[in-house]
Amino acid sequence: MRNSSPFTDRQRRLLEAIREQIRALNDPEPEIITHEACEWVTEDTKTFGKIPKIRFRPYACRTKAELVKQAGLVDEAKEHEIVQLRKLYSIREVRNKEARLFESEWNNIMLKAKKAAFTLALINSLFSTHNQTVSEPIRLLQSIVLLEYGPDLGAQRKPIHGTAPERDLGPGYDAELEKLN
Numbered sequence: 001m002r003n004s005s006p007f008t009d010r011q012r013r014l015l016e017a018i019r020e021q022i023r024a025l026n027d028p029e030p031e032i033i034t035h036e037a038c039e040w041v042t043e044d045t046k047t048f049g050k051i052p053k054i055r056f057r058p059y060a061c062r063t064k065a066e067l068v069k070q071a072g073l074v075d076e077a078k079e080h081e082i083v084q085l086r087k088l089y090s091i092r093e094v095r096n097k098e099a100r101l102f103e104s105e106w107n108n109i110m111l112k113a114k115k116a117a118f119t120l121a122l123i124n125s126l127f128s129t130h131n132q133t134v135s136e137p138i139r140l141l142q143s144i145v146l147l148e149y150g151p152d153l154g155a156q157r158k159p160i161h162g163t164a165p166e167r168d169l170g171p172g173y174d175a176e177l178e179k180l181n
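The sequence shown maps to residues 1 to 181 in my numbering.
Careful: at least some of the hints might be erroneous.
Taking lysine-lysine and the DSS-like style, the derived pairs with C-alpha atoms no more than 30 Å apart in a straight line are [what the hints assert, rightly or not]:
#1 53 - 179
#2 97 - 46
#3 46 - 158
#4 53 - 114
#5 114 - 50
#6 115 - 87
#7 87 - 50
#8 158 - 69
#9 87 - 46
#10 114 - 46
#11 69 - 50
#12 97 - 112
#13 179 - 87
#14 87 - 158
#15 69 - 53
#16 87 - 112
#17 53 - 115
#18 69 - 114
#19 69 - 97
#20 112 - 179
#21 115 - 78
#22 179 - 114
#23 158 - 179
#24 115 - 50
#25 53 - 87
#26 97 - 78
#27 97 - 87
#28 78 - 112
#29 112 - 69
#30 114 - 87
#31 158 - 114
#32 158 - 115
Pair ranges (Cβ atoms, derived) [as the list claims (entries may be wrong)]:
#33 43 - 87: 34 to 40 Å
#34 10 - 34: 36 to 42 Å
#35 161 - 77: 35 to 41 Å
No wet-lab data here; the hints were simulated from the structure. Since this is a predicted model, take the numbers as computed values, not measurements. Cβ coordinates follow ideal geometry from the N, Cα and C atoms, glycine included.
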């Protein structure tokens, strides 16, 4: 069977590290109180167009470097060899290397997610009838994904604390039912 995950092991480890960092930042009762925070924004990139980004404040580069190291994306032996070569040839060390690696991996992950979301939206718009919000192929696909990947999706993870941003979702379900009657 093919690899069931759309993400590489590296990307999966990075996503888990980011999740744990967000959990730590949003912890209502932290051991040490800090002024660090993160926020989600939409950024327009040259290569990928608009994609969601996560911003860490106030120590973004340091936080991203820590996440890259936690995820095990840095090969220490290779890094040591590169440092020796840089010293030998008097080449300056690259600034914010881990933060740039974080951004590169994040952009690749979000591009995959963006393509997947477009694929689902296109299939849904092509095959939904005038009174359907979710088309039959998408509904079937959801049930297949839950059956095949349910154990992985339902893994016991500690919750991320915090409040979701309030959105105006329009009239509620009850209001829509009243309109129909």
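Right, here's what the structure says about each hint:
no. : hint                 : in the structure
1   : 53 - 179             : violated, 39 Å
2   : 97 - 46              : holds, 20 Å
3   : 46 - 158             : violated, 36 Å
4   : 53 - 114             : holds, 12 Å
5   : 114 - 50             : holds, 9 Å
6   : 115 - 87             : violated, 42 Å
7   : 87 - 50              : violated, 39 Å
8   : 158 - 69             : holds, 22 Å
9   : 87 - 46              : violated, 34 Å
10  : 114 - 46             : holds, 15 Å
11  : 69 - 50              : holds, 27 Å
12  : 97 - 112             : holds, 23 Å
13  : 179 - 87             : violated, 74 Å
14  : 87 - 158             : violated, 44 Å
15  : 69 - 53              : holds, 19 Å
16  : 87 - 112             : violated, 38 Å
17  : 53 - 115             : holds, 16 Å
18  : 69 - 114             : holds, 26 Å
19  : 69 - 97              : holds, 11 Å
20  : 112 - 179            : violated, 39 Å
21  : 115 - 78             : violated, 33 Å
22  : 179 - 114            : violated, 35 Å
23  : 158 - 179            : violated, 41 Å
24  : 115 - 50             : holds, 12 Å
25  : 53 - 87              : violated, 35 Å
26  : 97 - 78              : holds, 14 Å
27  : 97 - 87              : holds, 17 Å
28  : 78 - 112             : holds, 28 Å
29  : 112 - 69             : holds, 23 Å
30  : 114 - 87             : violated, 41 Å
31  : 158 - 114            : holds, 26 Å
32  : 158 - 115            : holds, 29 Å
33  : 43 - 87: 34 to 40 Å  : holds, 36 Å
34  : 10 - 34: 36 to 42 Å  : violated, 28 Å
35  : 161 - 77: 35 to 41 Å : holds, 38 Å
The structure shown violates the earlier hints numbered 1, 3, 6, 7, 9, 13, 14, 16, 20, 21, 22, 23, 25, 30, 34.
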